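Novice: Based on these hints, arrange chain B on the given structure of chain A.
Listed below, chain by chain, are the residues.
Number of protein chains: 2
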Amino acid sequence: MPDTNAPGTTPIALDAMGGDHAPHEIVAGAVRAVREHGISVILVGAPRPLQDALARQHATGEIPIVRAEESLAMNEGALASLRRPRSSIAVACHLVRRGDACAVVSAGSTAGIVATGKLRLRAQHGVLRPAIAVALPTLPTPTVLLDAGANAEVKPEMLVQFAHLGVAYAETALEIPAPRVGLLTIGSEPEKGNKLVKRAHELLTAAPDLDFAGNVEGHDLLTGVVDVIVTDGFTGNVALKTMEGSVRYAFTELREAIRESPAARLGGMLQRRRLKDLHRRLDPEVHGGAVLLGLAGTVVIAHGASQAQGVAAACVLATRLARQGVVARIGERLAASHRPHRLW
Amino acid sequence: MPDTNAPGTTPIALDAMGGDHAPHEIVAGAVRAVREHGISVILVGAPRPLQDALARQHATGEIPIVRAEESLAMNEGALASLRRPRSSIAVACHLVRRGDACAVVSAGSTAGIVATGKLRLRAQHGVLRPAIAVALPTLPTPTVLLDAGANAEVKPEMLVQFAHLGVAYAETALEIPAPRVGLLTIGSEPEKGNKLVKRAHELLTAAPDLDFAGNVEGHDLLTGVVDVIVTDGFTGNVALKTMEGSVRYAFTELREAIRESPAARLGGMLQRRRLKDLHRRLDPEVHGGAVLLGLAGTVVIAHGASQAQGVAAACVLATRLARQGVVARIGERLAASHRPHRLW
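Line by line, the protein sequences are chains A and B. Using the numbering used here, the first residue of the first sequence is number 4, and each one after it goes up by one. Using the numbering used here, the first residue of the second sequence is number 4, and each one after it goes up by one.
Since the hints were derived computationally from the structure, they do not count as laboratory data. Values in this document were obtained by computation on a predicted structure and should not be read as measured data. Mixed in with the good hints, there may be bad ones.
Copies of one chain are not kept apart here, so a pair can be met inside one copy or by any two copies together.
In the EDC-like style, the derived pairs of lysine to aspartate or glutamate whose C-alpha atoms are separated by at most 16 Å in a straight line are [stated by the list, open to error]:
#1 195 to 79
#2 158 to 205
#3 198 to 160
#4 195 to 156
#5 195 to 205
Bound-form chain A, shown alone (with noise of 0.2 Å):
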C-alpha cells in the first residue's frame, strides 16, 4: 500500500459543519490528519467559527479555510440540498468537482450528503444509482456490505451495478485481489428470496466480469464467506444497524459479567486487549466510516457522532480511495460490462 499522502497531492474537502460535534470536533479531525498522517485538507464552512476552533487546536493558519455561509443540519434530508446550494456539503463537492480536491469527508446527514452529492458530484457514467458502502469488521479482511441505505428501492440491475462498486471498492481500498459477491437474501437456494432477489441472481449469474458466489443469509456478514454482499438500501440498512445493535447489545451483557465478581473482573481486564482490537475493528472512529460509491468523486461519510479520531480516520479512508483511484476502477468495470457479449 502506497503511503496515504505525499508532498503536494490534491487536499481533502471537508464539511467542517456536519456532524453532532461540529465544528470543533472536526476541525481537532483535520489538524490530527494533517499533523499525524500527513494529509493535506481544506476546511469548508463559515470562517469564524472555524478559525475560533483552529485556535483552540493552536493551528491558526495551519489549515485552508473555504467559505461555506451555510450548512445542513442533522435532520435535514435531500430537499434541504436542494434549498442551500452554498451548503458546506455543497461546497465541498463543487471544490471536488473542480479539481481543487481529491474527495469529500462529512460527518453530516446522510440523507443530505447522498442528496447533495448526487446533485453536485452527479452519478458516474454508465451508473443507475450510488449505493454506501460499509467494510464489515470481517477477518483475514474486510467484507464490503452495499447498499447500505442510500436506496430503498431499487431495481434488479441496480444490484448487478452495486456489485461493480462493491468491488472495485474491495480491490482498490481494501486490496482484496479478485472479490467474491454474494447476493443478500433468505435461503441459499437460488429461488429464495422476493422477486427483486430471483431476478437479481439470474443476472448476477449471467454476469461475466463478475465472481458471483450465489446467495448469503443473514449469518453470513460476519463470516467472511464472501468480499462483497449486494443488497437493497431498505434490507442493508436494517442488516447493518441489526449487526452494530446485536454486538452492542453482547458486549454490554459481557461487561455486566466482568463487573459480577473480583476474580471475573481480574479475568475481564486481562481480556482487555482483546477486547479493545474487537472493539477497533467495529467502531466507526477507527474505520473511517461509509463510502458513497457511484459518484464523479470520492465521498466519505463518517458517524454523525464522529469525533476527532473518527473525523481523522475518515481522511484518511478517501485519501486511500482517492489515490487508489476507486472511481477510475468502477468506470473501467461499468464500460467493461456494458460491452457487448452473450448471457446465455
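Specialist: Just chain B now, with coordinates in the frame of chain A:
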C-alpha cells in the same frame, strides 16, 4: 400463568419425522415433554422407526403413534407439501383440524411447515397471510418479531395484521399487558423507508386497536423499546439471521479472548454462569422456537437442529399457546379491527 398442562387435556401432535435429528431426538424430546412437563403428546410418523426410537428411550407404549407413511425432507418446500397429503406434518395438521390435538410441533423444513399449515389448517377467518413470529431475548420481557420469513412479499395491510397477530401472541403466551408495536424501517421519522413501510406507517397510525409507537430501526431489535416489531418476511428473516450471526460472532471472539491466558481463563470461568444465562435466552433449544400465527390452529416451528431439549421446549411453548388461546385472541382482535370506524 396456569400450569402447562392438566390431566385429560388435548395432546400436542408432534411431527416425529421432521428435523435434522429425526426421529430419535424428536422422540426423546417427546418423552421429556411427557415425563418432565406432564404434557400429553401424539407422535406422528412411520410406526416402525418410532417404536424403535421409543424402545431406545425405555418408553415403549408410553406415547401414542399416529401413522404417516411419508415425510418432507429438510430441503423440500412448498411444492412437496402439495404432493404429499399423507406426510407427517400434514397428518399432524389434520389431527388439530379434527380436534384430536391442540397444536402442531415440527422441527421440519420451515417452508414445508408453512405451506402444509396453510393448506391443511387453513388461515384463520379474516387473516390475509399467516406469519412467523419469534420472541427475541430482550429483558424484562421478550420482543416479538414478525414476519420472520413466511412471506417474502407483503402488502401494507398485511403488516397491520401482523401487528394484531404479534400483539395477541405477546398478550397470551408472553403475558405482556398492552403491547406496544413498532414498524421496522431505516429511520425514525414517519417518511423514512420504502413505499411499503410508508403506507404501513399511515395504516398503523390510524388503527384504533393498536398501541403504535412508530418506526424502529435494526438496532432496536434487542433494546426492548417496543413489545412487537412488524416487518415483511424478507427483511425480518435477514434481520433475525443477522442478529443470530452477530451475537454468535461476538461470543466466538469472546471465547477466544477467554482462552488467551490462564488468568483470563479463570475470569472466564467465573463469568460462565452469566454467559450461560445469556446463551439460554438466545438458544432455540431453550425458548422453543418460532410460531406460525394466523392459522386455525397453533403451529410451533422448532429449530431444524433441535435435539431432545429443544423439542420438549417447543412442546411446552405449543401447550402454553394453545391453553392461553392465542388463536381465539387473534380472532377477537381481527374481528374488532374489522368493525367499521372512522380512520380519519
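Novice: Taking the hints in turn, state whether each one holds.
Specialist: A quick look at each hint next to the structure:
In this assembly of identical chains, residue 195 and residue 79 lie within 16 Å of each other by CA distance solely across copies; the values are 12 Å between and 37 Å within a copy. Taking CA atoms no more than 16 Å apart as the test, residue 158 paired with residue 205 passes inside one copy only; the shortest distance there is 13 Å, against 25 Å between copies. When the C-alpha separation of residue 198 and residue 160 is checked against a cutoff of 16 Å, the pair qualifies only within one copy, where the shortest distance is 13 Å, while the shortest distance between copies is 19 Å. In the homo-oligomer, the alpha carbons of residue 195 and residue 156 lie at most 16 Å apart only across protomers (12 Å), although the nearest pairing inside one protomer, at 19 Å, exceeds that limit.
Taking CA atoms no more than 16 Å apart as the test, residue 195 paired with residue 205 passes inside one copy only; the shortest distance there is 12 Å, against 30 Å between copies.
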